[in-house]
Each structure stands twice: as structure tokens, then as C-alpha cells.
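Line by line, the protein sequences are chains X and V. Under our numbering, the first residue of the first sequence carries the number 14, and numbering increases by one thereafter. Under our numbering, the first residue of the second sequence carries the number 14, and numbering increases by one thereafter.
Simulated from the structure, these hints should not be mistaken for laboratory data. Be aware that a few hints might be false.
Pairs count within a copy or across copies, as identical chains cannot be separated in the list.
As the list claims (entries may be wrong) - Calculated lysine-lysine pairs in the DSS-like style (CA-CA distance at most 27 Å, straight line):
hint : residue 1 : residue 2
1    : K111      : K161
2    : K196      : K213
3    : K286      : K196
4    : K151      : K45
5    : K111      : K196
2 protein chains.
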Amino acid sequence: MRSEFEFIRNIKDKYGLRHVGDDCAVLPKDSKTDCVVTADMLVEDIDFRIEWTTPQLLGVKALAVSLSDIAAMGATPKWAMLTIGVPERIWNTDFLDKFYEGWTTLAKHHDVPLIGGDVSRTPDKIVIDSIVAGEVPKGKAILRSGAKPGDSIFVTGSLGGAAGGLILLESGFRYSKVGKRRKALIARQLRPTARVEAGKHLMSRSLATAMIDISDGLRADLYHLCDASAVGARLESTVIPYDENLSALMPASEWAGLGGEDFELLFTSPRKKISSAKLPLITRIGEITTNVGVVEVVAENLRRAPRTGYRHF
Amino acid sequence: MRSEFEFIRNIKDKYGLRHVGDDCAVLPKDSKTDCVVTADMLVEDIDFRIEWTTPQLLGVKALAVSLSDIAAMGATPKWAMLTIGVPERIWNTDFLDKFYEGWTTLAKHHDVPLIGGDVSRTPDKIVIDSIVAGEVPKGKAILRSGAKPGDSIFVTGSLGGAAGGLILLESGFRYSKVGKRRKALIARQLRPTARVEAGKHLMSRSLATAMIDISDGLRADLYHLCDASAVGARLESTVIPYDENLSALMPASEWAGLGGEDFELLFTSPRKKISSAKLPLITRIGEITTNVGVVEVVAENLRRAPRTGYRHF
């Protein structure tokens, strides 16, 4: 069965969609500014479960996943639209009010007005489409396609926490009824943080040659970046910054490559640029190679990373 | 139970959403141009039935409903995004390819590139979010709020056909198996036309004081326009341009006020401006009054139009 990535590539090739393929589409706005825009669909029982979260947290996450796409371009978010379809059982509760409450809290933090969208009925499940647009100085949007052999690979924050949180939720643990470490992991899954400030910082100082947010998982997103840049990568598995709370669950090394939804930024840059920039919470995890389309993982022994990560299909 | 319109008004008031409430949001683009943007959700078994249509026609309709919102602002469509969630039974067919094929045919006609969106899995039903942005000279977007007492009310094309087509589909008639008149009605439901050229024409000659597209039904959309403009309206029911094919079903007067999805343009203008502009396919159907929030229907006897039209809730 074809994956959603193959489908998108197929559609892109067939219809000559030159704009499709980065975290956001990039469009000219005026003589000094480009506009970037993204849409992310969240579907009940596929992307979230209503019994795992709260309406407020779902509102936060719906916006955060799109803000993360904006961050991955190095752009500043400017406005948002929200399309939401809900079944009748939800319409007759305060779910939507609380959802907008959560959404608005994060939107205010980033000064992003809600300018429109749609509200509809669905037969059974909640469906959300989160649309966010941002702005970036002309030609400065950080694409996936700019990585060069020899560039170092960096990641913000820590990885694997959201996947750990997901496993906990699937195992029956709930945010309100667990200890500190498990709570922290579940929070990474339910209330992700978009690295908007880090993305802007990297853009404004021209520090990144390519960037993507980690939504599908480190390996999968590194493959996306390598494909777009026509390069390969060597990951140093021993230095990957696993979420410190993962050790409560199992060896952390099991997590970071596979789990998605950390919404950290994965970017490439000549090594010297970053070391002199003294960025906080940035870890060098590997290097771009000429081995096109291949991601190697280096630790005790050299092996090839399986091409996995979260796929809807 | 509150309606979706009440909900949107409530959200708008609560969060001070000044941009929400027209067919499109209006945003500054550059010194000479405003950007307008709209999103429309289409949900399987709520907004369409897969056994009534074809994937290609559904692709056409998904784009047309949003183009109609752009038309209602008098704007020129510039780009689109498409978010689509499909269940596994659909993913494993050629549905999406044929859907994009239909979508692309209409998009090419209007020179609208697909710049992005999302593809996701759903548990059970197809869900589409159609996002289109357009451009209009600065300050020239035609809002719902500009109608003045004494303005005439006009409508493009004919009304009620899409509602008639819906009734036929609900009664078991299918496009490929009916005669000419029924086929024409079903086509109005399945393959609506967005009045993009008419909208642009009205904008470029400053002919309309207020405009909305007829998606919820003539009465409902006239109420939206009157609410936004803080005026009332008098409809002359005997001159409403019913779809000529409706007579095959029942007295046409039963249809036009209630049925939605005609995607014709409803606009207001000083009467003289329009008569001298010699627009084709435009009918004067009434007049704006000072009777705030009240739509009267005038025929043999004066009566008030019930405040109906399509609501999701």
C-alpha cells in the first residue's frame, strides 16, 4: 500500500505543484516579505482520543502543530484560521467553548488573531483543520532543501518524550493520575511546544541551511530533509538528546528515532556557525553526507536506520 | 439548541474577532492590495453522499464553494490549499486521484495553484477542508455590511435549482439515469458554478454596496446581509428568478427561499447604477429597508419570511 508521502509526491509530480513539499508553502507577500502558510488536520481516534485529553489542551495542540510548521520555516506567525467539525454529542456540550479557550490562550501568547474558518457538523468524530500563516523576510524562509554535505545536523530540546507519553496513554495512564516523570511525558504528547522563537532566531542570523520540524519522528523527518536536499546523513546515536523522563519507561534509545510529535526543530548548519552562536538547548547529532537518500546511524557499529516514522497510511 | 450562527457570533464576541463574519477574512497584503481568505469544510454524509456524486465532481464542488466566497468579496482567486481526510476503504481506491483530477480542472480554469494542505486518515468518513485566498484592490472588498436603506437587492442567475437537485437525489434519482430537466437540477447540486467573473465585475465598477453568496439559502443569506448592515429587506416574491427546471417538480415558489447551495451572488446597489450597467443575468428582487433585522416578503399580501435556511445545527 502506498504511503501518504508517496501519494503527496505523486500528486505533486502529476500536477506540477512546485509550492508543495515544505513545512509551509512560501508565497510572495510584498517587495520585502514572503508569506508562509500551513494546514494540519487532527482527527479524533486517529490523532487524538477525547478521553486522553481535555478540550482546552486539544485547542492548544491544534494551534501548536501548525505554529511548529511556521517555526520550521524561521517565520513569525501572523494569523490563523480554524475549521472544526463536531458530532451532535459534542455540539451540545461546552467542548467547543473550552477548545477555543485553550486555542486562544496560545494564540494570544504568539499574538496570532483568528481571522476565520468554518464550523460544521460531522456524523461521528471530531475533525479539526488548523491553518496558520506567517511572514518572513523575502527569500529568507528556511527550506528543507538547503542542506549541504559536511553540514552538521542539530536538534532543539529533547526527543522521544511525546512518543513516551503516547505509550503511557495507550497503556491506560492518565495525566491527572500519574507521578511527575510520567506526567511530564504525557504533557509532551498532549501539550506540545512550537519552537517559534528558536526558528526565528535561526532565520534572523542565517544560521540554518535547511530545517524541518519533528512531527513524524527523527528518522522519518531526517529522511524528508535529506530527500529534499538530495543528500544523506550520519546520525550519532549516542549523543541524541533523549527526554530525561524516558528512563522511567525503558532504555531511551528505543524511542527517539521512532516517536513523532516532539515538535522540536531539526536543522543543518556549518558546524562553526552554531558553536560560535552559543544557542541554548541545541544538540549536534550528526552530519550531512553525500550518500544521497541514506541515513546511517553511528554508535558502536555502523548500521543503516530503517526508514520508519509515523505514517497515516 | 443554539445554531452554528449563534455559536460563531458568541465566539466572535467573546474573543473580539473583528475579522470573522464575512464570506472571507480581509487582510492587508501590500500597499495596493488586500488578501481575502476562506475555508469551507465538506463532510461525507452531511454535505455530500458518495453514492450521489463522482470523485471528480466532488473535487469540483470542494473548490467551487470556496471560489464562491472569493467571488462574494469581488476578489480574484490566487491560490488554494486542500486538506483531506479519508478512511482506509477510500485510500485503497483511485478516489483521491480522481478527486484531484476534478479539483484541478476547475483550478486551472481559474488559474489557482494548489500550494499545500494536508492528507490524513479518518476512522470512517471523508472530510475535506477547502481553503482559497484571493486578492482585491485595497479597501475594495465587498462586505456584507454596506447595504443602505433604499438600495435595490439583486441576485445573479437563478435560484432553487440546487435544492431541487438535492430533493431528487434524496428521492433516489441519479444524474446518469434521469431526463434533461432533472439532470440540470442535479448538476446544480453536484457541480455548482462560482460567480467569480460577476463578482470581479461588480467590484471593479464599484457597483455593489454589500454582497454575499447564496450558500445557506436566499432568506438565510439575506438575513446575514441585513444583520451585518443593520438594515431590513423587502423581497418581491413574484420576481424571484426560480430555476426554470423546478417546474418539473412542484411550484417553484416553494423552493427558492429555502434551498441553499445555489452559489449565486446576492448583492445590493442603488437601482440606477445597475440599470445603467446593463449586467446580464441579474434580477432585481427587492429593496433594503430601515426595518432592522426584518425580511418582509411582498406578493399579493405582505408577510414576514420565516428565518430559515440550511443550518448544520
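Next item on the list: Just pull the numbers of the violated hints for me, sorted ascending.
Entry: Hints 1, 2, 3 are the ones this structure does not satisfy, whereas the remaining hints hold.
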